[in-house]
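Peer 1: First to last, the protein sequences are chains W and P. Okay, so the first sequence: first residue is 1 according to UniProt numbering, each after it adds one. Okay, so the second sequence: first residue is 1 according to UniProt numbering, each after it adds one.
Hints listed in this document are in silico derivations from the structure and should not be mistaken for laboratory results. Quick reminder that beta carbons are idealized off the backbone N, C-alpha and C, glycines included. There may be inaccurate statements among the hints.
[What the hints assert, rightly or not] Here are a few chain P residues that sit away from chain W, every Cβ distance over 12 Å (derived from the structure):
#1 K60
#2 L121
#3 E130
#4 A133
#5 S139
#6 S141
#7 E153
#8 T179
#9 T205
#10 G230
#11 K235
[As the list claims (entries may be wrong)] Partial chain P-side listing against chain W, Cβ under 8 Å, derived:
#12 I14
#13 N51
#14 G129
#15 N217
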Amino acid sequence: MSTEFRIDVQKALGKTEVRAHFRKAMDTLMTNRRNQFPDDAALQALRHQAQAIRANALSKLPELLEQLEAKLTAKGVQVHWAETTDEANQIVLSIMQKHQAKSIIKGKSMVSEEMGLNHFLEAQGIEALESDLGEFIIQLDGETPSHIIMPAIHKSKEQISQLFHDKFPDIPYTENVDELTASARRILRDKFYTASVGLSGVNFAVAETGTLCLVENEGNGRMSTTVPPVHIAVTGIEKVVEKLSDIPPLLSILPRSATGQPITTYFNMISGPRQADEKDGPTEVHLVLLDNGRSNIYSDPELLATLRCIRCGACINHCPVYVRIGGHSYGTVYPGPIGTILEPQKQGLKVHGELIQASSLCGACGEVCPVRIPIPNIINRLRYDSVRKDTEHTPTFDAGTKRKPLEAAIWQGWSWSASHPSLYNFGGTVATQLRGLVPNKVGAWTNVRTAPQLADKTLHQQLKALGVDHE
Amino acid sequence: MKPDTIYFFGTCLIDLIYPQAGVSAVQLLQREGVKVIYPQAQTCCGQPAWNSGYRDEARKVARAQIKLFPKDLPIVIPSGSCAGMMKTHYPELFKGEADEAEALQVANRVYEFTEFLVDVLQVDLKDFGEPVAVAVHTSCSARREMGVADKIEQLLGQLSKVEVKEQAYKAECCGFGGTFAVKQPEISAAMVADKILHLRATGATQLVSQDCGCLLNISGAFAYQANHEGKTAPKAQHIAEFLWDRTQAAEEMKS
Ligand code: SF4
Numbered sequence: 001m002s003t004e005f006r007i008d009v010q011k012a013l014g015k016t017e018v019r020a021h022f023r024k025a026m027d028t029l030m031t032n033r034r035n036q037f038p039d040d041a042a043l044q045a046l047r048h049q050a051q052a053i054r055a056n057a058l059s060k061l062p063e064l065l066e067q068l069e070a071k072l073t074a075k076g077v078q079v080h081w082a083e084t085t086d087e088a089n090q091i092v093l094s095i096m097q098k099h100q101a102k103s104i105i106k107g108k109s110m111v112s113e114e115m116g117l118n119h120f121l122e123a124q125g126i127e128a129l130e131s132d133l134g135e136f137i138i139q140l141d142g143e144t145p146s147h148i149i150m151p152a153i154h155k156s157k158e159q160i161s162q163l164f165h166d167k168f169p170d171i172p173y174t175e176n177v178d179e180l181t182a183s184a185r186r187i188l189r190d191k192f193y194t195a196s197v198g199l200s201g202v203n204f205a206v207a208e209t210g211t212l213c214l215v216e217n218e219g220n221g222r223m224s225t226t227v228p229p230v231h232i233a234v235t236g237i238e239k240v241v242e243k244l245s246d247i248p249p250l251l252s253i254l255p256r257s258a259t260g261q262p263i264t265t266y267f268n269m270i271s272g273p274r275q276a277d278e279k280d281g282p283t284e285v286h287l288v289l290l291d292n293g294r295s296n297i298y299s300d301p302e303l304l305a306t307l308r309c310i311r312c313g314a315c316i317n318h319c320p321v322y323v324r325i326g327g328h329s330y331g332t333v334y335p336g337p338i339g340t341i342l343e344p345q346k347q348g349l350k351v352h353g354e355l356i357q358a359s360s361l362c363g364a365c366g367e368v369c370p371v372r373i374p375i376p377n378i379i380n381r382l383r384y385d386s387v388r389k390d391t392e393h394t395p396t397f398d399a400g401t402k403r404k405p406l407e408a409a410i411w412q413g414w415s416w417s418a419s420h421p422s423l424y425n426f427g428g429t430v431a432t433q434l435r436g437l438v439p440n441k442v443g444a445w446t447n448v449r450t451a452p453q454l455a456d457k458t459l460h461q462q463l464k465a466l467g468v469d470h471e
Numbered sequence: 001m002k003p004d005t006i007y008f009f010g011t012c013l014i015d016l017i018y019p020q021a022g023v024s025a026v027q028l029l030q031r032e033g034v035k036v037i038y039p040q041a042q043t044c045c046g047q048p049a050w051n052s053g054y055r056d057e058a059r060k061v062a063r064a065q066i067k068l069f070p071k072d073l074p075i076v077i078p079s080g081s082c083a084g085m086m087k088t089h090y091p092e093l094f095k096g097e098a099d100e101a102e103a104l105q106v107a108n109r110v111y112e113f114t115e116f117l118v119d120v121l122q123v124d125l126k127d128f129g130e131p132v133a134v135a136v137h138t139s140c141s142a143r144r145e146m147g148v149a150d151k152i153e154q155l156l157g158q159l160s161k162v163e164v165k166e167q168a169y170k171a172e173c174c175g176f177g178g179t180f181a182v183k184q185p186e187i188s189a190a191m192v193a194d195k196i197l198h199l200r201a202t203g204a205t206q207l208v209s210q211d212c213g214c215l216l217n218i219s220g221a222f223a224y225q226a227n228h229e230g231k232t233a234p235k236a237q238h239i240a241e242f243l244w245d246r247t248q249a250a251e252e253m254k255s
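Build out the structure end to end from the sequences listed, making use of the hints.
Peer 2: Here it is, written out as structure tokens:
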């Protein structure tokens, strides 16, 4: 029986051109990253440092969030807390309503994707316009991001050219990337001047100084946060760091891990609304801090590591599964390895539990993660949570719901015979037992491979015959 | 200092499907003057259940294994995957258990086979085989859990008539992943299809690996294409078997 996920995967695997496109894009990203870290010892030292910074912040999370709120409030930033995405959407809406705003211009924000903000606002008659080029493209086509830092990575140049031509018939058809970018800039420029609210995400929020840091390449983040009179920043509660001096190491490792750039074109440090003696900037700045399952993850000492993530996308770029099935097959906001650990924790194992099976546990993700999140170990832990009986010992939503009587019985049988060596007749018992685990017995293995052949004599028998000592 | 005695843990895949790899590994160790103990009560390291989330079941099997290595001797395992299970995951599996110390004791004595040959025994191999072009597939666990990715090449580098051919995407997973291959067969199939494409492109007639899980997957896919599409299939062997076959002639000639 094929699940919905497996059906999507099969479709994605059949799209040869898209797959070739992903392969090429991921190869470039991997090469770029490698070139940024010629000295492995230096890279490992920086990864340890970045991990320590993020782990330190999480260890003091409640205090740091309070400090952040106090600092920001003192500078005139209005801080809002949202436990759910619904609450976060309502907060944004009420700010919009207060200003009678009919449109919002957005810089790139994965948290706003998590909130489903665009759809929510559109239902309220408010236009939400993406200003990041990649986000702009997929918004034109009514799609969702297929990658957390390159949302339109699944689209070819030709598809984008055609899309622009279809949506803006005045613009002559061109495959010239610079011309396409220039067209998008022209369209967006007007919107920046007319929108009364701008929205952005946050990469790091510094508790010590009350500074919201934003990393970007196109300048649209700076426009969204400075041109409209009101700026709303949305972010997850885990994005806080303790000190301003924590920023340089993170800023050093983030773009190099993500796109292989030494640094991004823009780095914005937002510290409040326009002051009396200042000539520009928004007159109102809001920060929405979203929980959406994060404190639940926070309550477990092992799962907590998930929250160290700085959303660089390196794990995605290096994932042999992602490169073949693409971002949309995951059916989640965050795809790839980070999505595989984050989404089932945020939304529960019933909805996204299958993702944790879509990993060969090869470890490529954990190897490149700049904050050293042990992604394969967390996948393993979630597999445990999904079938464990003592569900009161884990905060994971829907723990134990993937435990199926037949599968459990097979593992129990296996466990029993493999711990009773005198009964352990491999050729007979175990191979037969394990065969029962194959979901659709016909074809799963042998569609593309020959069936394994059991040897005539086991190693046990052969070494015994050779007189090898057994104790 | 070279140990004079070691424990050998053969792994369930070798026991069942590739016993010749285990026999070759034992013979190589013995030829280096090391006495090999093979506890006959050994079964499986417990990894299949561990990776499927069945930790209690995995622990029960693992517990039966750790009792088999009472003496303070190295435990040599011809698999990066099973070695990785014992070395890196037993500490987690036994955390807070009464026999945690015993499990740690075992974990600390674990060596992957090629690592043991290179780093501990510092073997010096002589090649008596025919010239051959070889491709190496290093398992993800040998590469990332055990950190022994370069050992096979170091051993092959000692063999004068072996030419190592490097495939594209060398460090990428072959798509085996234990239960992954049966739970997500489509993704696994796409991965192994690419792996054999890149391996075949090297022109190597021989494939070696330190892990029989990968070999089962890759050679199974090669054989399938040989049967159905008439394509060539490089000979796939565990590194122990390959080394024994090529270097044993030296011993015979000496005597
Ligand atoms: S998990 Fe690590 S590699 Fe993946 S996006 Fe987060 S920080 Fe980057």
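Peer 1: Indicate, hint by hint, whether the structure satisfies it.
Peer 2: Outcome of the hint check:
Distance check for P:K60 against chain W: the nearest CB is about 5 Å away, which does not clear 12 Å, and the non-interface claim fails. No Cβ of chain W approaches the Cβ of P:L121 within 12 Å, the least distance being about 18 Å, so the stated non-interface status holds. Separation of P:E130 from chain W is adequate, the least Cβ-Cβ distance of about 26 Å exceeding the 12 Å criterion. Its beta-carbon lying about 24 Å from the closest one in chain W, P:A133 satisfies the requirement of being farther than 12 Å from that chain.
A beta-carbon of chain W comes within 12 Å of the beta-carbon of P:S139; the shortest separation is about 9 Å. The non-interface label for P:S141 is inconsistent with chain W: the shortest C-beta to C-beta separation is roughly 8 Å, within 12 Å. Annotated as non-interface, P:E153 keeps its C-beta farther than 12 Å from every C-beta of chain W; the closest such distance is 18 Å. At roughly 7 Å, the least C-beta separation between P:T179 and chain W is not larger than 12 Å, which violates its mark as non-interface.
No Cβ of chain W approaches the Cβ of P:T205 within 12 Å, the least distance being about 19 Å, so the stated non-interface status holds. Interface exclusion of P:G230 from chain W stands, the closest Cβ pair being 14 Å apart, more than 12 Å. The beta carbon of P:K235 is kept farther than 12 Å from every beta carbon of chain W, the shortest such distance being approximately 14 Å. The interface hint given for P:I14 is met, as the beta carbon of that residue sits about 6 Å from the closest beta carbon of chain W, less than 8 Å.
The restraint placing P:N51 at the interface with chain W holds, with a minimum CB-CB distance near 6 Å, inside the 8 Å limit. Interface hint status for P:G129: violated, as the beta-carbon distance to the closest one in chain W is roughly 23 Å, over 8 Å. A least Cβ separation of about 7 Å between P:N217 and chain W falls short of the 8 Å threshold, and the interface hint therefore holds.
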